[in-house]
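Chain residues, written in single-letter form:
4 protein chains.
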Amino acid sequence: QVQTAAGVREVPKQIARKTVTIMKTKNILIVTKARDNDLITITQELALWLLETPRYDRDIGVCVYVDEQLRNSRRFDADGIIQKDQRFARMLNYWTPELCWSNPDLFDLVVTLGGDGTVLYTSWLFQRIVPPVLSFAYGSLGFLTNFDYHDWTNILDEALNNGIKVNLRMRHAVQRAEQDTVNESEQYEVLNEVVIDRGPSPFISSLDLFGDDHLLTIVQADGLILSTPTGSTAYSLSAGGSLVHPEIPATLVTPICPHTLSFRPMLLPDSMVLRVSVPKESRSKSYASFDGRCRVPLRQGDYVTVRASQFPYRQVVQSRNEWIDSISRTLSWNVRDKQKAFT
Amino acid sequence: QVQTAAGVREVPKQIARKTVTIMKTKNILIVTKARDNDLITITQELALWLLETPRYDRDIGVCVYVDEQLRNSRRFDADGIIQKDQRFARMLNYWTPELCWSNPDLFDLVVTLGGDGTVLYTSWLFQRIVPPVLSFAYGSLGFLTNFDYHDWTNILDEALNNGIKVNLRMRHAVQRAEQDTVNESEQYEVLNEVVIDRGPSPFISSLDLFGDDHLLTIVQADGLILSTPTGSTAYSLSAGGSLVHPEIPATLVTPICPHTLSFRPMLLPDSMVLRVSVPKESRSKSYASFDGRCRVPLRQGDYVTVRASQFPYRQVVQSRNEWIDSISRTLSWNVRDKQKAFT
Amino acid sequence: QVQTAAGVREVPKQIARKTVTIMKTKNILIVTKARDNDLITITQELALWLLETPRYDRDIGVCVYVDEQLRNSRRFDADGIIQKDQRFARMLNYWTPELCWSNPDLFDLVVTLGGDGTVLYTSWLFQRIVPPVLSFAYGSLGFLTNFDYHDWTNILDEALNNGIKVNLRMRHAVQRAEQDTVNESEQYEVLNEVVIDRGPSPFISSLDLFGDDHLLTIVQADGLILSTPTGSTAYSLSAGGSLVHPEIPATLVTPICPHTLSFRPMLLPDSMVLRVSVPKESRSKSYASFDGRCRVPLRQGDYVTVRASQFPYRQVVQSRNEWIDSISRTLSWNVRDKQKAFT
Amino acid sequence: QVQTAAGVREVPKQIARKTVTIMKTKNILIVTKARDNDLITITQELALWLLETPRYDRDIGVCVYVDEQLRNSRRFDADGIIQKDQRFARMLNYWTPELCWSNPDLFDLVVTLGGDGTVLYTSWLFQRIVPPVLSFAYGSLGFLTNFDYHDWTNILDEALNNGIKVNLRMRHAVQRAEQDTVNESEQYEVLNEVVIDRGPSPFISSLDLFGDDHLLTIVQADGLILSTPTGSTAYSLSAGGSLVHPEIPATLVTPICPHTLSFRPMLLPDSMVLRVSVPKESRSKSYASFDGRCRVPLRQGDYVTVRASQFPYRQVVQSRNEWIDSISRTLSWNVRDKQKAFT
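Top line first, the protein sequences correspond to chains A, U, C and X.
If you read the first sequence in the numbering used here, its first letter stands for residue 9, the second for the next number, and so on.
If you read the second sequence in the numbering used here, its first letter stands for residue 9, the second for the next number, and so on.
If you read the third sequence in the numbering used here, its first letter stands for residue 9, the second for the next number, and so on.
If you read the fourth sequence in the numbering used here, its first letter stands for residue 9, the second for the next number, and so on.
Keep in mind that the hints were calculated from the coordinates and are not lab data.
Worth double-checking, as some hints may not be accurate.
The list treats identical chains as interchangeable, and a pair is accepted whether it falls inside one copy or across any two copies.
Unchecked claim - With a straight-line cut-off of 27 Å between C-alpha atoms, the simulated DSSO-like cross-links for lysine-lysine are:
(1) 288 to 41
(2) 41 to 92
(3) 41 to 293
(4) 173 to 41
(5) 92 to 34
(6) 173 to 32
(7) 34 to 173
(8) 92 to 32
Given the structure is predicted, the values throughout are model-derived calculations rather than measurements.
Could you put the whole structure together from the sequences, leaning on the hints where they help?
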């Protein structure tokens with residue numbers, strides 16, 4: 009654990025660097041949708057395999073944390089697992105969001121089973137230090153779900169026996185202030201983007217955008233997206249933003265349906281603190297959401313600040329070129345058979 | 009001079025940093041179009057003022073280098089200048105492109121009179137170390153011509169007496185290779201962008217784009233722009249690229265009229281070496297141009313490589329927020345009176 | 009009146025034709041926000057002037073209809089008006105939405121005072137035949153508010169004495185169906201656009217788009233805009249649509265933040281009946297709004313149909329080139345001082 | 009033949025109408041690249057089959073015109089064909105461009121074998137009346153090459169026995185004027201687009217765009233595309249234009265890399281005569297090309313005019329929905345598997 013925490017403390021400098029390799033993962037947390045019966049079955053299978061498969065010159069596997077909601081699940085059948093080997097009683101543990109928030113360094117590795125929503129939930133679980141996260145996809149691989157579940161035993165054997173490669177992904181630290189009062193507890197670590205939009209209001213948003221306390225522009229639009237490079241393949245892309253490699257230390261400013269012809273998307277340095285405020289004279293309030301979660305109102309005079317977080321997301325990867333390969337695969341970015349179209 | 013050179017050696021690390029202040033500029037080079045009569049008159053006035061105005065506790069001004077082409081210009085009238093003070097004979101010097109290439113550290117400051125073309129020419133003059141460049145505009149200020157000539161005496165007094173603030177602008181080092189043979193002498197330091205396009209050919213370009221020797225995509229388009237952040241307000245913007253703050257260490261990959269619907273512009277880390285090659289089986293050659301200069305052919309099998317240069321451009325600035333202010337001023341980026349349009 | 013109605017019956021064929029001139033307008037309806045005190049004062053002034061100013065070889069003016077809500081307004085002071093000339097008692101009338109719906113041919117001309125919202129409200133008031141509408145703007149002229157209020161007496165003198173020129177603007181007839189049951193009463197005449205979006209739902213919309221009962225595509229996006237050419241300068245433009253001259257008989261299909269890179273906006277012939285339905289298996293409902301009004305839910309299985317209306321909007325204009333002039337004026341479309349930027 | 013010519017005279021009105029069916033095609037012209045050996049073999053096979061297969065209650069087929077260049081081709085072997093049946097000597101004819109220009113009504117049907125280039129060449133061959141054109145594709149079908157060659161005998165049997173369905177595609181009549189002198193002979197019938205661009209010039213184009221002699225805007229860009237709806241899937245699309253259904257009577261105005269942020273593509277009615285001129289004070293000339301052919305210079309003071317042609321292109325189709333189906337198939341327009349990307 010110590011090495012994990014130490015690694016994290018150094019990571020802000022390392023975002024634009026090569027991959028870090030981490031060995032000997034002994035405590036593995038599994039995140040999935042605890043209410044999906046198929047996923048419970050898979051979780052049980054995975055947990056049992058991790059507990060049983062001998063590692064590190066011992067006759068037994070590694071410790072596993074599963075969702076507290078599975079503790080009494082008949083389908084998960086914790087008792088059945090423990091009956092196989094009494095040592096599993098100590099090795100099989102349960103996590104809660106509270107435990108993740110307070111003790112992230114308990115975990116050497118997080119394994120997620122699900123889609124991008126599960127990955128974003130994992131990012132949300134770890135509001136400070138994020139352990140390395142290895143994310144399986146069921147169907148086609150995504151940007152953040154970059155391991156194929158069909159090959160899960162080989163992938164995990166490789167990860168546990170030979171170490172994992174981790175890339176850091178910048179997150180944004182977002183704070184909301186009501187009438188110039190920042191509520192310290194209201195900070196959100198965001199992996200993709202913060203969106204400020206008009207929500208159900210029929211009126212367009214009018215927003216003031218500041219960079220390092222300097223007014224950059226007044227936004228009249230359906231909304232504004234402040235995205236990390238990781239989020240450049242998500243909502244920002246739909247709104248017309250460029251694709252941005254995750255190693256680039258920048259924040260994307262992408263308007264949603266802007267009311268001028270000339271509001272081209274912009275990239276600002278991640279060293280700049282951005283602030284989006286609802287003008288006191290605005291005729292309607294706006295709403296902020298964080299990685300698609302918890303849409304909260306921004307009343308006249310409220311604002312959010314966005315800055316690069318000290319606590320990056322740590323994604324387990326297979327190779328450095330993964331991002332570009334996934335662009336073509338996932339977005340059909342400039343794929344060749346379309347190019348025939350014009351000949 | 010030593011400090012200038014030393015500063016340059018350290019600058020690659022400093023691109024994303026705050027402004028550097030440089031004091032005591034004693035040797036000033038003036039760049040302008042030497043064939044424009046109005047500009048010759050202005051150059052003469054400026055040179056004389058720099059020579060005459062007492063600086064640094066002496067009764068006399070600083071040394072000046074003007075274009076060799078003015079040596080015998082009647083309008084410039086070097087003899088007339090020297091007659092005012094015989095010491096000017098040693099203080100008034102002439103530059104040639106060769107001198108700029110071989111001895112850039114002779115100059116503490118370059119002053120340009122003209123438009124963006126003059127700035128790009130200055131960047132081209134200094135293929136290695138670039139002295140700080142202070143660029144005057146005649147009419148409306150531009151991104152690179154950020155000082156108002158109407159106020160030239162105050163601006164230069166301030167610069168010489170109180171020091172100049174310099175921002176570093178990343179340049180690209182571009183090399184052309186014919187049939188896998190890199191001609192070492194064919195390297196271009198580019199401030200805005202390198203463009204590879206079909207030139208006068210009626211056929212679209214087919215280009216292979218590699219990043220760190222990994223094939224990123226095959227481009228079928230009128231052309232491809234590889235732009236610095238500085239160039240994000242130039243040709244890349246016309247082709248649909250985002251606005252990118254000059255402190256962001258990235259290369260913009262922007263296609264020109266691509267033949268797929270899905271070729272969204274992309275940003276890659278400036279640590280990545282990009283290579284654009286004309287496939288051996290391409291049915292036509294392509295052309296490369298560098299900051300709009302010297303369009304050279306790329307035959308089947310030829311390529312260009314693009315990487316971050318060790319020799320950034322050094323722009324004299326007034327404040328750190330200059331870039332964003334100039335976005336609104338120069339491009340009418342999201343300016344407010346247009347927003348009324350939709351109410 | 010007869011000529012007005014007759015004109016309307018012929019207009020569908022005439023949308024792509026030149027301007028029609030209509031003489032002798034004798035009954036004038038005034039639309040404005042009845043709760044705005046400044047506008048009430050202006051309405052009173054305008055009504056009195058229309059009543060008093062002699063027209064058509066008589067010593068008196070034309071009949072006026074004002075909003076029923078002004079009947080007892082102290083500020084409007086109908087009694088004061090009538091005291092000026094007892095004939096005004098019969099000439100000053102009051103309109104209600106019901107009267108506009110049932111007897112549109114009572115009115116030779118509608119005058120609006122307000123912004124685009126007032127124009128869209130006027131279009132909504134006349135769900136079948138629309139009398140010619142002359143729209144004043146207070147500040148800068150808009151696309152639909154194309155007469156300058158500062159010059160109102162000259163403009164109205166010219167209109168009443170020399171006739172008005174009218175352009176037809178295609179409207180869309182939109183019907184909503186719940187579970188395949190079209191509610192005949194639920195038809196909306198739309199001047200700008202119908203928008204189907206996710207409303208306050210956090211999930212993206214999944215919509216099926218049919219043209220003449222043929223599935224065109226499945227839309228995954230924040231929403232979909234089906235716009236008239238008139239609406240091409242409104243919301244469709246913000247979402248990336250092209251500018252479309254109002255004489256072109258087409259429907260614009262413009263996605264809002266689509267989830268593919270390749271969903272380019274499309275124009276379809278206005279002879280095609282479009283249908284947008286929420287798939288039965290969609291995980292959330294959508295919402296439809298009509299010229300920005302009355303957002304109604306579309307549940308799984310519901311749909312809207314959109315076709316060219318028989319009842320075009322009739323806009324009073326000054327010249328045929330008005331639309332293009334207003335593009336530059338209102339949107340700063342390609343205006344020249346921006347073009348300097350790149351030199 | 010008479011019916012063909014009569015049909016054409018009426019067609020301008022019919023562009024926005026349903027399909028026309030034409031029976032009894034007796035004279036068939038085959039267009040292909042006469043220098044491609046594989047295509048010569050296919051042409052021979054096709055010609056022989058058309059000559060031999062009994063039609064219209066006779067024991068023999070229809071008349072065929074092949075390229076004059078095949079007259080003495082050994083591979084085509086006209087003598088061998090005629091030896092099969094002496095009547096073929098009269099039924100096998102040769103076409104030249106001159107014959108197509110002067111006697112288009114000799115032909116009831118044109119069959120093309122090749123890509124879009126062959127179709128555009130066929131359009132160019134028929135500068136006035138265009139006979140119906142049935143275009144085979146070898147590989148994947150295109151917008152204009154909409155019949156699958158793998159099924160050629162069935163397709164042609166169906167066409168000859170049961171009649172062909174023809175859609176009209178608007179063409180542009182483009183004239184070039186030098187210094188206000190229109191050279192009547194220099195008219196081009198354009199199926200896709202006319203492009204005015206800077207050609208090999210390093211300077212951007214400055215162009216004046218007029219609609220019905222009214223200055224619409226000044227274009228500063230790499231170039232300007234004036235496209236038919238048919239051309240909306242070609243170069244205009246690469247430059248950012250919308251997809252436009254071919255039944256819509258409009259001209260697309262699409263800039264290439266414009267030098268303002270606000271130059272959104274525009275659609276104008278095809279009843280408007282557009283004129284693009286190179287200003288007398290422009291610092292460089294421009295170039296015009298027509299469906300990608302014959303780039304001709306436009307000097308300072310020269311211009312081109314563009315108007316809807318009286319002579320539409322006549323495309324043989326299978327169904328009315330063909331265009332929309334081909335959008336998805338050919339361009340991957342909003343195809344569904346890409347939409348998974350963002351979930």
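Do the hints match the structure? See the list:
1. Taking CA atoms no more than 27 Å apart as the test, residue 288 paired with residue 41 passes between copies only; the shortest distance there is 25 Å, against 41 Å inside one copy.
2. When the C-alpha separation of residue 41 and residue 92 is checked against a cutoff of 27 Å, the pair qualifies only within one copy, where the shortest distance is 25 Å, while the shortest distance between copies is 76 Å.
3. Taking the shortest Cα distances, residue 41 and residue 293 sit within 27 Å of each other only across copies (23 Å), while inside one copy they are farther apart (34 Å).
4. Taking CA atoms no more than 27 Å apart as the test, residue 173 paired with residue 41 passes inside one copy only; the shortest distance there is 26 Å, against 55 Å between copies.
5. Only within a single protomer do residue 92 and residue 34 lie at most 27 Å apart by alpha-carbon distance; the minimum there is 20 Å, versus 84 Å between protomers.
6. Taking the closest pair of Cα atoms, residue 173 and residue 32 come within 27 Å of each other only inside a single copy of the chain (12 Å); across copies the shortest separation is 50 Å, beyond that limit.
7. In this homomeric assembly, residue 34 and residue 173 come within 27 Å of each other (Cα to Cα) only inside a single copy, at 16 Å, whereas the closest approach across copies is 53 Å.
8. Only within a single protomer do residue 92 and residue 32 lie at most 27 Å apart by alpha-carbon distance; the minimum there is 24 Å, versus 80 Å between protomers.
Checked against the numbered hints given earlier, the structure satisfies every one of them.
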